[in-house]
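K.L.:
So the sequences go chain by chain: F and V.
Heads up: the first sequence begins at 1 in our numbering, then just goes up one per residue.
Heads up: the second sequence begins at 1 in our numbering, then just goes up one per residue.
Hints should not be assumed to be uniformly reliable.
Have a look at the derived ranges for each label pair, beta carbon to beta carbon [as the list claims (entries may be wrong)]:
| hint | chain 1 | residue 1 | chain 2 | residue 2 | range |
| --- | --- | --- | --- | --- | --- |
| 1 | F | Ser-74 | V | Glu-59 | 44 to 50 Å |
| 2 | V | Glu-87 | F | Pro-40 | 24 to 30 Å |
| 3 | V | Thr-31 | F | Ser-42 | 37 to 43 Å |
| 4 | F | Gln-109 | V | His-7 | 27 to 33 Å |
Here are some chain V residues pointing at chain F (derived, C-beta under 10 Å) [stated by the list, open to error]:
| hint | residue |
| --- | --- |
| 5 | Tyr-36 |
| 6 | Leu-44 |
| 7 | Leu-46 |
| 8 | Ala-96 |
| 9 | Phe-109 |
| 10 | Gly-110 |
| 11 | Glu-111 |
| 12 | Trp-114 |
It should be emphasised that the hints constitute simulated quantities derived from the structure, not laboratory data.
Using N, Cα and C, we set each Cβ at its ideal position, and we do this for glycine too.
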Amino acid sequence: AQKVTQAQTEISVVEKEDVTLDCVYETRDTTYYLFWYKQPPSGELVFLIRRNSFDEQNEISGRYSWNFQKSTSSFNFTITASQVVDSAVYFCALSEVGWGKLQFGAGTQVVVTP
Amino acid sequence: GAVVSQHPSWVICKSGTSVKIECRSLDFQATTMFWYRQFPKQSLMLMATSNEGSKATYEQGVEKDKFLINHASLTLSTLTVTSAHPEDSSFYICSARDQRGTSGNTIYFGEGSWLTVV
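I would like the entire structure built from these sequences, with the hints used as guidance.
P.N.:
Following this line, the structure appears as C-alpha cells:
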C-alpha cells in the first residue's frame, strides 16, 4: 500500500527565513510520481512540481527547491527567503504512473510572519 | 486558465436534501476523474474514481448510495450527495487525468466545492 508521511504539522517562520518541508513515502511500485501542492485558505490546489521516480535530479524553481532521495524515500521541499504569501498548507502526494489517483500526506501548515 | 472546472464553488443546503457538484474537463477528454473530500484541517482523501461509461469505483468506507457519481460524458463527472447531513459538510474537489502527450499522467484539479449542510 502507498503511504505519504508529512511529520511536520505546522512550521512558523519569520519572513526571509528558509523553510524545509519533509516528505517520506512508501510504495511497492518501482515506477511512481511524486507531487507537491500548495493549498491557500481559498482551498484550490496549486500545482508546484511532479517528479518521476526515475528522475532523481534535484530541482530549483525560483525560491522553491526540491530534494528527491530515492534511497531514503524522501522528497523534501525548501522555500528560500520565505514571504508572507507563502503562508499556506503544503501537501506532498504519491501516484502510480499511468493511473492518476493521488495519495496525499497530512499536509504541513506554513505560517510566515512579517 | 483552468482546465478542470468545478461548480458550484460554494453551496449551502438543508439537511435531508441532495446536492450535485459538477466537474468538467475544459479542453481535454477525461475517461477517468477522481473525487476527493477534505474535512477542515485534514488531508484530502480519495472518495471514488469516476469512469466514463461505467460504474464508479469507491474507496473503502465511502457509501456509494450516498455519494452518487455519474460520468456520462468524456468531459463531465457529477457527484451527488444524497440526503445530506451536517457531517457531510466538507470541501469536495475533483481531478481529471489528461492522457494526451507522452507523459500520460498529467493530473488537473478543479477549484473545489465547499458544501455546508444546515
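K.L.:
Each hint needs a verdict: does it hold in this structure or not?
P.N.:
Hint by hint, here is what the structure shows:
no.	hint	verdict
1	F:Ser-74 to V:Glu-59: 44 to 50 Å	violated (26 Å)
2	V:Glu-87 to F:Pro-40: 24 to 30 Å	holds (25 Å)
3	V:Thr-31 to F:Ser-42: 37 to 43 Å	violated (29 Å)
4	F:Gln-109 to V:His-7: 27 to 33 Å	holds (28 Å)
5	Tyr-36	holds (8 Å)
6	Leu-44	holds (5 Å)
7	Leu-46	holds (6 Å)
8	Ala-96	holds (8 Å)
9	Phe-109	holds (5 Å)
10	Gly-110	holds (8 Å)
11	Glu-111	holds (5 Å)
12	Trp-114	holds (7 Å)
When held up to the earlier numbered hints, the structure conflicts with 1, 3 and fits the remainder.
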